[in-house]
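J.: Listed below are the residues making up each chain.
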Amino acid sequence: MSLFSALNTAMSSITALNTTTRVISDNISNANNENYNARKTKLNNNIHGGVNVANILRKVNDGIFKDLANSISSTESNKVMDSIYRRIEQLIGTSRGKTPLIKKMNALNLAWKSFEATPSSGASEKGVIQAAVNLTKEIQRISNGLDQIYGDLEKNIIDSVATLNKSLNKFHKLNIQITNNAATNLPTANLENLRDEQIKIISKLIKVKQIKNNDGSVYLHTTTGLSLASPNPAIFKWDSANKALTKSGSGSLDLIADNSVTMGRISSYAQLFRIDSKATTDPDGRLAPIQKMRNKLDEFTFILMDDSVARATGSKFLKPGDNLVTDHGLTIGDIISITVAGGATTAITIDATTKVSDLLTSINAITNISARIDSHGNLQILTSGENMTIGETNGTPLTKLGFSIGKYDADKPPGFSYAYNEEHVAGNADLRGVSDLTTLAGVTAGDTFDISVAGGATTTVTINAGDSIDDLLIKLNNIEGVRAKLDNNGFLNISTVKGKLNITNNTNTPLSSTGLGIAAVSGNISIINKAKPGEQNRGFFQVKNGTVNNNASRLNIQVNKEILNGKKHIKDSSISKVVVAMSSSNRSISGSGITVTNRNYTSIISSIVVDLTKKSENFGKIFAQEKAIKDMLYKRLRNETGVDIDEEVALLSVIQNSYSASARVIETINKMFDALSAATR
Amino acid sequence: MNNNITNKDISNKSKPQSLISLLSSLIALLERENKLLDAPDIAQITTLVEEKQNLFFEYEKQVAMLGIDNRIVNNLTNEAKTELKKLSEKFDKISDENETKLRIALRASNMVVTHIAKETEKAPGGSYINSYGNDGNSHNKRKARPITVNHTL
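These protein sequence lines are chains A and B, in that order. Taken in order, the first sequence gives residues 0 to 680; the numbers are from this note's numbering. Taken in order, the second sequence gives residues 143 to 295; the numbers are from this note's numbering.
Check each hint, because a few of them may be wrong.
[As the list claims (entries may be wrong)] Each pair of labels, with its calculated beta carbon distance range:
id: 1; chain 1: A; residue 1: Asp61; chain 2: B; residue 2: Ala181; range: 46 to 56 Å
id: 2; chain 1: B; residue 1: Lys228; chain 2: A; residue 2: Gly96; range: 16 to 26 Å
id: 3; chain 1: B; residue 1: Lys228; chain 2: A; residue 2: Arg85; range: 22 to 32 Å
id: 4; chain 1: B; residue 1: Lys232; chain 2: A; residue 2: Lys560; range: 51 to 61 Å
id: 5; chain 1: B; residue 1: Lys228; chain 2: A; residue 2: Lys613; range: 23 to 33 Å
[Said to hold, decoys possible] Derived list of chain A stretches under chain B, where covered just means 3 residues or more per stretch with a C-beta under 8 Å from a C-beta of chain B:
id: 6; stretch: 61-69
id: 7; stretch: 494-500
id: 8; stretch: 619-630
Treat the hints as calculated values from the structure; they're not laboratory data. Because the structure is a prediction, the values reported are computed rather than measured. Beta carbons are placed, not taken as given, at the ideal position from N, Cα and C, and that holds for glycine.
From just these sequences and the hints, can you work out the full model?
T.: Below, the structure is given as structure tokens:
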């Protein structure tokens, strides 16, 4: 924050607070009555009133005790948040001013650049491999650390619930003793002090409301009115399996999600364990911070692994078992349409039983389209074709799932894994606007060529009379794993990232004709960027055995085993493209309370870390402030005589004046700096 | 430690220097207040706030002069600029701390005074006060407020 904006913020706060305090001061009886201002005694019963001042003081002290209890709940709640964020910061390294994750991502970037400069250097290649290993190890170290914190927190909440139950029991017993003593005119002061101590302990754990009854007992309840000790002490339970807090006598399956238990340590701990959609999508740092951090790491890992061409992501939190109609408001008969690179459109109809997992299956069945639930719980549709268009033929199913309807174009430049994996053939003839391919030199109707990817089935492509270049592109983009486009010069480019590309003329030689202009050596079509013998053709990063790439996460990413074991080398032809991919600022992640768009990989990691640091600072600040208020209230109550009314009002007035003076000097300083900055401009 | 800096003190120094003195004394004052606000004491705070008000009055005059005479800021040496930049950063930090501490003290005081106001309002008044209306007749309809606040403190 700049100096000037900081000052402006302070001034706004001062103005707002002045108004509040003035209203309260004006409400004090006779505060402005000069007849009473000259009195020398500190506090007087009004000579005409004969009111019992001690009674007022007692009630004021009771009121402040309630404030203190609330303040304790708030302080403890923020203390927990502060301590958790501190631990996460320690893990990430920001508290030491070091962030190994950013450093290692940056090191990987630099290692690739160095490798680009000296591609034949074995040391440079090793540098890349080591940097990549370091990055994956760091991701896993953080992941393990988060699991450790998570486990500790679970222990803390179990302990806290046990303390709460014990304290409610003690409170209940003291209440009975006080009532009995009061009924028989025995002293209750000591017992009341002991009860106050229990209320303070309980307030540390959950926020409570207290009502003093005429018989001397205190009715204790939650902020939503759940009785805590009447007629019997409540028994709370932490359900570890479902991460839910329950209470005897209450039908609630989770008092935290219901907001029946707020503030205090238990609430803060429990908020951390929430995995519901609200908690994991809300930017509020109190909710599920560890799960959100895991999600962000998972999604970062995925974007390193992602070799798709383009993708669309919804914003609705989904679970595979959810019914799309009953759980997410889609309508029976809604139709989703998906088109790859202007080809045929596939329609998916939603019926009464369609689950999220069914929708995934239907989308995954479309050629060159895949779908996944991303780390943030959102549906993501990806294409390997040149582009895709998602639409709604009936109803608004995709809109309801949080998608923007329309065309999604290819990444420019492509991402890391795409850059590594891609191999292609390229023409040298400008085919823009060609409406009939058979008019091109060397191309005749009925010509065919064969294409296969990763050793899979061969597809024969036929050039028919009247086929335009667009028709050919559609045919090619309709082959699984194949992407076809005209490049910036209008030259035909057929590529894949799914494995070895094999493309050959079949009937005649249309590909290597002058018309299409694809280079061939001794009649064989030249594949560009293909792996040389001994090189790993795809998957610099890979997921561990048994996992599909779309489920890449912080837990399963690794450097390709073949490369790591020295059996294969890094594909030389990919180096420059990977370097471009790593430094290009067109990567994005969105979800788990953070949206980062158009950044490079390092910058995305930095944004995740900065977001964490900001939240941590914020909780640190809130905790410090709440604690200061709690301490001030505690000091007033610790005094045997309790609150001194005259001094309190006078103090408020003086502090208010100080605030005004600060506002004035800040304004003055502002003017001075304005003059200075004008002069030095 | 006496941090009172008068207009005369400032005027006796070179003008860029007085600008630096001005900022330094402001920082010193806010530092003192920040310390006091950790455990607000009515007597000490009152004295400090009076000092604060007086000092700021002097500052305003200085700043007004700066606005009139551009040469002061135009002729700042690099050294003075560096010094001012350093002090500005310190001021930024301390004023932020001061604002936070005042806000905390106000919040706590507000909570206490709100209870006092509420209980005072709720407390039953005593007997009726004899008084005279503008018709010269005696009235005894005004009921005494239960307690009063001593503003001489």
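J.: Evaluate each hint against the coordinates.
T.: Going through the hints against the structure:
no. : hint                              : result
1   : A:Asp61 <-> B:Ala181: 46 to 56 Å  : violated (24 Å)
2   : B:Lys228 <-> A:Gly96: 16 to 26 Å  : holds (22 Å)
3   : B:Lys228 <-> A:Arg85: 22 to 32 Å  : holds (30 Å)
4   : B:Lys232 <-> A:Lys560: 51 to 61 Å : holds (56 Å)
5   : B:Lys228 <-> A:Lys613: 23 to 33 Å : holds (26 Å)
6   : 61-69                             : holds (count 3)
7   : 494-500                           : violated (count 0)
8   : 619-630                           : holds (count 4)
Comparing the model with each numbered hint stated earlier shows that hints 1 and 7 do not hold.
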